Amino acid sequence: MEYLKNEAFEASGASKNTSILNCIDLSSPDIQNSVSLLKQACLDSGFFYVINHGISQEFMDEVFYQSKRFFDLPISEKMKFLKNKKNRGYTPVLDQLWDPVNQLHGDFKEGYYIGVEVPESDPDAQKPFYGPNIWPTADILPGWRETMEKYHREALEVAKVIVRIIALALNLEVDYFDQQEMLGKPLATLRLLHYEGKVSDPVKGIYGAGAHSDFGFITLLATDDVYGLQICKDKDAKPQKWEFVAPLKG
Numbered sequence: 576m577e578y579l580k581n582e583a584f585e586a587s588g589a590s591k592n593t594s595i596l597n598c599i600d601l602s603s604p605d606i607q608n609s610v611s612l613l614k615q616a617c618l619d620s621g622f623f624y625v626i627n628h629g630i631s632q633e634f635m636d637e638v639f640y641q642s643k644r645f646f647d648l649p650i651s652e653k654m655k656f657l658k659n660k661k662n663r664g665y666t667p668v669l670d671q672l673w674d675p676v677n678q679l680h681g682d683f684k685e686g687y688y689i690g691v692e693v694p695e696s697d698p699d700a701q702k703p704f705y706g707p708n709i710w711p712t713a714d715i716l717p718g719w720r721e722t723m724e725k726y727h728r729e730a731l732e733v734a735k736v737i738v739r740i741i742a743l744a745l746n747l748e749v750d751y752f753d754q755q756e757m758l759g760k761p762l763a764t765l766r767l768l769h770y771e772g773k774v775s776d777p778v779k780g781i782y783g784a785g786a787h788s789d790f791g792f793i794t795l796l797a798t799d800d801v802y803g804l805q806i807c808k809d810k811d812a813k814p815q816k817w818e819f820v821a822p823l824k825g
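Here the sequence shown is numbered in our numbering, starting from 576 and rising by one per residue.
If you're looking for bench data, these hints aren't it; they were derived computationally from the structure.
In this text, all values refer to a predicted model and were calculated from it rather than measured experimentally.
Check the hints yourself; a few may be wrong.
The calculated lysine-lysine pairs, modelled on DSSO-like cross-linking and capped at a C-alpha distance of 30 Å, are [as the list claims (entries may be wrong)]: (1) K614 to K735; (2) K779 to K808; (3) K653 to K643; (4) K725 to K760; (5) K813 to K684; (6) K658 to K684; (7) K824 to K684; (8) K643 to K614; (9) K735 to K813; (10) K779 to K760; (11) K810 to K779; (12) K725 to K735; (13) K660 to K614; (14) K614 to K655; (15) K824 to K773; (16) K684 to K735; (17) K779 to K653; (18) K735 to K773; (19) K725 to K684; (20) K653 to K614; (21) K684 to K808; (22) K813 to K760; (23) K660 to K702; (24) K702 to K725; (25) K658 to K725; (26) K735 to K643; (27) K773 to K660; (28) K735 to K660; (29) K779 to K816; (30) K773 to K653; (31) K653 to K684.
Can you build the whole structure from these sequences, using the hints too?
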């Protein structure tokens, strides 16, 4: 990974409406600098890059490859894994509607929810959002479950590292959010997303994903090399300013 000398990152040659975001290096020994960069990012907009997070690029490529394998299946096959009441499984195109004021249809994307694996025999399985995942069988997608379970575990560990920096930024004990009712026993959800390629047209109310703020504590978003993600740093601005986020590996 190329070393970034600046405290913020912008893709070279990117258009002028590409956002510049602070970059948090999780391998840096200067924890106070990381705390300062993260705190400023959260105060300014809530968005920042994370690099040197410990998940190898080789494995990230495998995750994207396995994700594509599922979404390349015929729709009749994918519908066999339709999302259940525990929020596990497949969601088809147009299933989600983030911004009903501006959208004429649901989002032009499909997804797949994976959560913490809790067997039916576990008492926690009776709680909302706890339970077993829905997995494509090995004869359909060999190695798919193992890849996604590993990625879920590794991404959760990255989230815990980031959250400890957040705790320090809030002048709390570094392990404050490690408590059982927080990240000690988290409702951590991995969601695979595939955008079908339909170009968003706000005039016609067509969006890959409507404007929204994520729920939960923190979202880690890994993207491929395709531009498409946009953020609005000030949702109360009139008019709102939407900026592209350049893909960044590392």
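* To do: Go through the numbered hints given earlier and state which of them the structure violates, listing their numbers in rising order.
  => 8, 9, 10, 13, 14, 18, 20 and 22
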